[in-house]
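Undergrad: Add chain B to chain A, keeping to what the hints say.
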Amino acid sequence: MKPDEQCCLGVESTADDFGVGIATFKGDILANASSGYVPEEGGIHPREAARHHAEAADKVLAEALSTAGVKTKDLKLIAFAQGPGLGPCLRTGATVARALASYLDIPLVGVNHSVAHIEIGRLQTGAVDPVTLYVSGGNTLVSAFDAARYRIFGETLDIALGNCLDVFAREAGLKHKKGMPLGAALERLAADGEKLVSLPYVVKGMDISLSGLLTAATTLLHKDEYRLEDLSYSLQEHAFAMVTEVTERALAHTEKHEVLLTGGVAANKRLQEMLRSVAEEHDTKFNVVPRQFATDNGAMIAWTGVLAYTHGLATPVKESFVKLRWRLDKVDVPWIK
Amino acid sequence: MDKVDPQTLLKKGAEASLFLKSWHGRKVIVKTRFPKRYRPTELDAKIRSYRTAHEPQLMHEAKRAGVPTPTIFLVDTKNAAITMEFVEGKQLKQVLPHIPRKEQQELCAEIGVLIGKMHRSGVVHGDLTTSNMILTEEGKIFLVDFGLGEKNREVEARGVDLHLMKRALQSTHYQFAEDCFKHVLKGYASVLGEDAEKVFEKIREIERRGRYVDERKQAN
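Protein chains in written order, with the working numbering: chain A, 1 to 337; chain B, 1 to 220.
Note that these hints are calculated values from the structure, not bench results.
We put the CB at the ideal spot given by N, CA and C, even for glycine.
Each hint should be verified, as a subset may be incorrect.
With the C-beta cut set under 8 Å, the calculated list includes, among others, these residues of chain A facing chain B [unchecked claim]: (1) 47; (2) 48; (3) 153; (4) 196; (5) 203; (6) 205; (7) 252; (8) 257; (9) 258; (10) 272; (11) 285; (12) 286.
Just chain A, same shape as in the assembly:
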């Protein structure tokens, strides 16, 4: 880091990952450290995840600072994910952020986690004004900027795409391993799928519904009539085709010239392939967030904090309560004209 460069430290803790990232005000990512909570069985238990975050915080913080080569006294701003997410997890991250900001006596800024996924995608890919498909364990939405905000054009009517894939993977007995998320394990199985099994395909306007698809796939799984590879393949094909269709609809509706794929499920190669195909068909540029910034991470929070702060936003500690259900389209993004 150059001696007089200003930087922001961002804390992410909305779900199972505790992340700390450091970004300069110019948009260089200096560090992006994280620690993931791996449940012994089942999905994320919010309280257990929060306990993990509290225990991992000092180590992740130290790692980020050392990677960036930054001393705490050099920090100019602390950003944290204020929502949406799981209450206990959000509160743990917010506590760390408040403590840092108060101790260092520097400004605090709360950012929206969904906005951050879009912003890190824009920063890393150079996309300017894209139709964004944001897909993760907790979110599935299609959005584009219009009049001061990221508007939501389509979203899931029930469960998130990542959630749908994870639950199926767990039902199939796949285990969550370090460095190998359930989705990646499922993707590997699906690559060996040969037969397309017919499953529900539910698109309603620009919205989709995935719960029926999950139930049907899980029911077939327990009947043992099909190879797991074929079912995994069929589940992915149906679910990805649905999100791709609504993204295409938003693209046609908004007439934007770029597509951005972001969020944890963005790492899936088959989903990337589908979206690239649609983008090409509409003569638009396809962008996908790099893998290390696809899943929840602190760097995206730090960078979005920079954008917010340099456009006049800050969050006094007494207003820094977490917002569990903070929708993307409730957030002003004054840095976009």
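TA: For chain B alone, kept in the frame of chain A given last:
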């Protein structure tokens, strides 16, 4: 010999392309669903032929219930193409922002009446947006694009249909979405009476189901 009319691409939508053609001396729209490379061929063929076969049936049902829809002339499921009447007019999406509040409200109430009639006939549209409504010179509103519709009398399906309308208004006409939707519901209730209240309750339930919705705080 008949001159072969070159067809004009009117609109390349996400799901289908609309061509303006002359057909036996009439102006017609040919709606064609081209294959989508991104999905497997079998799934793609299934989706396209299903939608092509169902769309005309639903349009016909809606028309019988008193909802203006384009007349269907030809259905070609093999090529996923529907030939239908060309309705001259403007998309409501283009009209709504440029008229006085009072007229907006009247149009929205009329939309509500049409949706009510359609639902009463057992049809849900599946994609109620102001792009899919055409206002003619005479002031008639045509509903088009029933590609995502279905025959369904359940309160759930009706609720989702109206919820989609609300969401479409919020994303496209956020300046006056609330007011417009209020009048849509007013028109809707004028047709469906007591049944409308059940649908409204369902809409609230559907909204609470959504991700990160404030209302869910109370539900939990």
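Undergrad: Each hint needs a verdict: does it hold in this structure or not?
TA: Now for the hints, and whether the structure bears them out:
A hinted interface residue such as residue 47 (chain A) counts as satisfied when its beta carbon comes closer than 8 Å to some beta carbon of chain B; here the least separation is about 16 Å, so the hint is violated. For residue 48 (chain A), the suggested interface contact is broken, since its CB lies about 20 Å from the closest CB of chain B, more than 8 Å. The closest approach between the C-beta of residue 153 (chain A) and any C-beta of chain B is roughly 5 Å, which is under the 8 Å cut-off, so the hint is satisfied. Among the interface hints, the one on residue 196 (chain A) holds; its C-beta lies about 5 Å from the nearest C-beta in chain B, closer than the 8 Å criterion.
Hint on residue 203 (chain A) holds. Least Cβ distance to chain B is approximately 6 Å, under the 8 Å limit. For residue 205 (chain A), the suggested interface contact is upheld, since its CB lies about 4 Å from the closest CB of chain B, less than 8 Å. Using the Cβ-Cβ criterion of 8 Å, the hint placing residue 252 (chain A) at the interface with chain B is satisfied: the shortest such distance is roughly 4 Å. Interface restraint check: residue 257 (chain A) against chain B, minimum CB-CB distance 14 Å, threshold 8 Å, status violated.
Using the Cβ-Cβ criterion of 8 Å, the hint placing residue 258 (chain A) at the interface with chain B is not satisfied: the shortest such distance is roughly 16 Å. Checking residue 272 (chain A) against chain B: minimum C-beta separation of about 11 Å lies over 8 Å; hint violated. Hint status for residue 285 (chain A): violated, given a least beta-carbon distance of 17 Å to chain B, over 8 Å. Taken as an interface hint, residue 286 (chain A) does not check out: its beta carbon lies about 12 Å from the nearest beta carbon of chain B, beyond 8 Å.
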